[in-house]
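Enquirer: Heads up: the protein sequence lines correspond to chains E and P, in order.
Position 188, counted from 1, in the first sequence is what the working numbering calls 177; the numbers after and before it change by one each time, with no gaps.
Position 260, counted from 1, in the second sequence is what the working numbering calls 249; the numbers after and before it change by one each time, with no gaps.
Check before you lean on any hint, since a few could be wrong.
One copy or two, either will do: identical chains are not told apart, so a pair holds if it fits within one copy or between any two.
Stated by the list, open to error - Dumping the calculated BS3-like pairs for lysine-lysine here, alpha-carbon to alpha-carbon at most 25 angstroms:
id, residue 1, residue 2
1, K194, K92
2, K32, K92
3, K92, K195
4, K17, K195
5, K220, K92
6, K92, K17
7, K253, K86
8, K44, K227
9, K86, K194
Simulated from the structure, these hints should not be mistaken for laboratory data.
Number of protein chains: 2
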Amino acid sequence: MTKPMRSENFSLFPSDLKHFCKEVIIEKFDENGIELIEDDVIKEERIEFFLNGEKFLSVMSIAQDQDAHIVGFLLSEAVIQSFDDVDNVNISEDGLKVNIVAKISQEGYANLFKEKTLTSGCCVGVTGNADKSFECAFVNTKYSVNANDILNNMRSFNQPSNLFEYTGCVHKAELVLEDGTIFTSEDIGRHNAIDKVVGLACMAKKDIKKSVLYASGRLSMEMVVKCVMHKIPIVVSKAAVTFQGIKAANEHGITLIGFARNKKMNIYTHSGRIDV
Amino acid sequence: MTKPMRSENFSLFPSDLKHFCKEVIIEKFDENGIELIEDDVIKEERIEFFLNGEKFLSVMSIAQDQDAHIVGFLLSEAVIQSFDDVDNVNISEDGLKVNIVAKISQEGYANLFKEKTLTSGCCVGVTGNADKSFECAFVNTKYSVNANDILNNMRSFNQPSNLFEYTGCVHKAELVLEDGTIFTSEDIGRHNAIDKVVGLACMAKKDIKKSVLYASGRLSMEMVVKCVMHKIPIVVSKAAVTFQGIKAANEHGITLIGFARNKKMNIYTHSGRIDV
């Protein structure tokens, strides 16, 4: 029915790894200044799920186990009761479409499109609005920040907050404005933390066009979309970035920085805003 | 219009911290066996967002900066263009309802309910289906596992995969069945990784009622819901758990284990399945 199952601990060969990654040229900053290097970053893709011929969902994920993903998702949402309900599941040649033919619960299927509760792990990017408004947007703010200032800010940002120390369970976002004002917020979800910190700044009637966003989580495309929507020119994380994140940042004028740790950081796009 | 803004680095007092947490009694396992201790865990809450009198979204998050959250969210989704479009925003006394009165883009608002793309940070728990099917479900599978076996499995699970080492950007889930079969999957999203691993096992026609799920991310309620839906009796993470996660695990018969690191782990619920 599908590809063979992987029923033991799997380990990918280096050549397989490339399949999920994209090679990019980045600027690596350290004590000796900036160096251009090649680097591989993970590539998330928009996988389309089709159920009995009808497209019902797009999911940003990596193109691996897509058939298992749709099966697990439908089980988990009670649209199917067991794998016995599945007649067929297959993956398109390019890996981006998954088609499943299954006996479904009509009620369960209808509910997929009703109540919308964003889970703690997620938020935003759920609509096409952002896509549309940001399609032709380019953030060309002339604003530059010293590389060492960013690393210094990152160090204090990385001090665990009381709430993190207490629970080990929150993400944090911080917006540092040109005039030195700092807004900080935390949440269980990394998307929520960013929405909150932007909200705080806007509610304080602050102009955030010249600011740097520090985020505790990985920088995937949704984060870059948020920066574009809010015209925040620079975003920094100690964590990794994804390929779609880099692509969007490049196209829309965002300076994207990842792996900012100690005295190093990787500048993926629009490094002109970083003074060395 | 709202509460005063926090425009500088904020630090919560220990008494404030309690506000976001819930005290629970847990069983702490280490080399000396099990000890009952009190512990505080983060409490996510379902916050309801109302726009011009109409409820339009529920978000699982922590009850802090809720007003900023709704403002940031609407800006980010292009439903409002700037904070000038907002006439009023207020938070209900219990902190769980946020009401915003604003001039909105009708098109943007309509789009909020159209296209649904799950972002890499999220997945599932988006519908009411799971809630409904799991409401009266209780996983009472008699299945026990030795505590040290769990810690040993956790050690090998925690070995970074090639893809993680390569990119620093993926979550992992592993399902270890009673017969020793192991299914593993990875994805950018922690929810996706779990859906995939369950899908793999089901597609291999394996019974997962006696299995342990290892997950690299935090265990919030959505993860427990998945375990209940799939009747996986035990779930383990090296990361933190949330209060709603504990509550759901307790009510629905799931053995929930967090902070499983080296020779220690916290057993939050249904410890009867863990042999010491």
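Enquirer: With identical chains treated as interchangeable, where does the CA-CA distance between K92 and K17 reach 25 angstroms or less: within a copy, between copies, both, or neither?
Expert: Intra 52 angstroms, inter 44 angstroms, cutoff 25 angstroms: neither.
Enquirer: Given identical chains, is K44 near K227, meaning Cα to Cα at most 25 angstroms, within a copy, between copies, both, or neither?
Expert: neither (37 angstroms within a copy, 36 angstroms between copies)
Enquirer: Is the C-alpha distance from K253 to K86 at most 25 angstroms within one copy, between copies, in both cases, or in neither?
Expert: neither (39 angstroms within a copy, 42 angstroms between copies)
Enquirer: First find the shortest C-alpha distance between K92 and K195 inside one copy, then the shortest across copies, and answer within, between, both or neither for a cut-off of 25 angstroms.
Expert: So K92 and K195 pass the 25 angstroms test across copies only (20 angstroms; inside, 54 angstroms).
Enquirer: If the cut is 25 angstroms between Cα atoms, do K220 and K92 qualify within a copy, between copies, both or neither?
Expert: between (46 angstroms within a copy, 21 angstroms between copies)
Enquirer: Is the C-alpha distance from K17 to K195 at most 25 angstroms within one copy, between copies, in both cases, or in neither?
Expert: neither (32 angstroms within a copy, 47 angstroms between copies)
Enquirer: Give the relationship of K32 and K92 under a CA distance limit of 25 angstroms: within one copy only, between copies only, both, or neither.
Expert: This pair counts as neither: shortest intra-copy Cα distance 33 angstroms, inter-copy 38 angstroms.
Enquirer: Is it within a copy, between copies, both, or neither that the alpha carbon of K194 lies no farther than 25 angstroms from that of K92?
Expert: between (53 angstroms within a copy, 17 angstroms between copies)
Enquirer: Have a look at K86 and K194 and pick one of within, between, both or neither, based on CA distance no larger than 25 angstroms.
Expert: So K86 and K194 pass the 25 angstroms test across copies only (23 angstroms; inside, 44 angstroms).
Hints 2, 4, 6, 7, 8 from the list above are not met by this structure, while the remaining hints are.
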